[in-house]
Amino acid sequence: MGKYFKQFLSDDRENVMGSELMKNNNQLEANYRSLEEKYEDLEAKYEALEIINRNLEQRIQEEITKNRRKDRILLEQSRLAAMGEMVANIGHQMRQPLNSLSLLIQDVREASEYGEINNQYIDWFTRESMIQINHMTQTINDFRKFYRPNIEKCSFSISDSIEDALAIFAFSLKSHNIRLEFEYRGQQMAFGNPNEFSQVVLNILINALDAFVAKDIKNRQLRIIIKETTEFFVAEFIDNAGGIEPSMLDKVFNPYFTTRPHGTGLGLYLTKMIMENMNGKVIVENKGDGARISLSVPKVTTGVNQAFNTLS
Numbered sequence: 001m002g003k004y005f006k007q008f009l010s011d012d013r014e015n016v017m018g019s020e021l022m023k024n025n026n027q028l029e030a031n032y033r034s035l036e037e038k039y040e041d042l043e044a045k046y047e048a049l050e051i052i053n054r055n056l057e058q059r060i061q062e063e064i065t066k067n068r069r070k071d072r073i074l075l076e077q078s079r080l081a082a083m084g085e086m087v088a089n090i091g092h093q094m095r096q097p098l099n100s101l102s103l104l105i106q107d108v109r110e111a112s113e114y115g116e117i118n119n120q121y122i123d124w125f126t127r128e129s130m131i132q133i134n135h136m137t138q139t140i141n142d143f144r145k146f147y148r149p150n151i152e153k154c155s156f157s158i159s160d161s162i163e164d165a166l167a168i169f170a171f172s173l174k175s176h177n178i179r180l181e182f183e184y185r186g187q188q189m190a191f192g193n194p195n196e197f198s199q200v201v202l203n204i205l206i207n208a209l210d211a212f213v214a215k216d217i218k219n220r221q222l223r224i225i226i227k228e229t230t231e232f233f234v235a236e237f238i239d240n241a242g243g244i245e246p247s248m249l250d251k252v253f254n255p256y257f258t259t260r261p262h263g264t265g266l267g268l269y270l271t272k273m274i275m276e277n278m279n280g281k282v283i284v285e286n287k288g289d290g291a292r293i294s295l296s297v298p299k300v301t302t303g304v305n306q307a308f309n310t311l312s
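78 is the number that full-length UniProt numbering gives to position 78 of the sequence shown; each next residue is one higher, with no gaps.
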């Protein structure tokens, strides 16, 4: 068929078609070379991008490591600051039993001068002395328990951790005339780090105490309530210390932000970090004539449905 078809074409027509075919072929070759060059350019850019990505991943990892190191340093600073306050608190708690022991020792001298030392006196002296010594021992044990390092997460009782913090802060609450109410139901088993949770509670107690003193509140009240939701146990700390300036509420979790003359600005920042590390959360808000801080910790088991326990 090609032979007969060719007869109908003039020589000029053949030349035109041949020229067009050659032109198209040349264009295809040029396009192919252009595509090859673009592909090679894309390969080079891809390799360069891979290098950038690897460098970026390395830099991100370095920054993550730096941030973790910074967080550990901030946590240690907060612990040391709280420890300083607690050492002063323990000093006050030790003063009373030491004074009592001093009086007992003076009484021994006087009893000896008047010939009053007998078995009954010795029993009384031993009993009274041991009461004071046991009080000091318990204070030291509470302090050691609170600051014992523990980086492992585990099941723990929220109420027990709160009471651990209250045990070493009791003197400060009493000496500053702060009325405490602690309400909880059953044994609330949560998952996290009990010592760090106690550290969070201590930070909140210190902040409340400072607010009471700074604003010269007369009728000082602090209420702690443990509630339960589907997924969390929530410990609420409610005071009547005048609340927080609304313009400052969104800044309270910033590191080094503080309204206290001698504050570190780390307490609530570390509180937020610790709670998030436990897959929990912290909320600070104003309520009534004070502030409410809510700590939510993931549940392990449902609390036993018992009557409220109240510690005042």
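Treat each hint with caution, since some may be false.
As the list claims (entries may be wrong) - FRET-style restraints, in silico, Cβ to Cβ: (1) Pro246 to Thr137: 41 to 49 angstroms; (2) Gln120 to Ile73: 54 to 62 angstroms; (3) Ile140 to Arg109: 43 to 51 angstroms; (4) Asn277 to Lys251: 16 to 24 angstroms; (5) Lys227 to Ile73: 54 to 62 angstroms; (6) Glu276 to Ala170: 28 to 36 angstroms.
Just so you know, these hints were derived from the structure itself, not from any lab. The beta-carbon is built from N, C-alpha and C at its ideal position, and this holds for glycine as well.
To see whether the hints hold, each was checked on the structure:
1. Pro246 to Thr137: 41 to 49 angstroms: For Pro246 and Thr137 the Cβ distance comes to about 47 angstroms; the hint holds.
2. Gln120 to Ile73: 54 to 62 angstroms: Since the Cβ atoms of Gln120 and Ile73 sit about 59 angstroms apart, the hinted range of 54 to 62 angstroms holds.
3. Ile140 to Arg109: 43 to 51 angstroms: Check failed, 28 angstroms falls outside 43 to 51 angstroms.
4. Asn277 to Lys251: 16 to 24 angstroms: 21 angstroms, holds
5. Lys227 to Ile73: 54 to 62 angstroms: 34 angstroms, violated
6. Glu276 to Ala170: 28 to 36 angstroms: Roughly 29 angstroms apart at Cβ, these two residues keep to the hinted range, so it holds.
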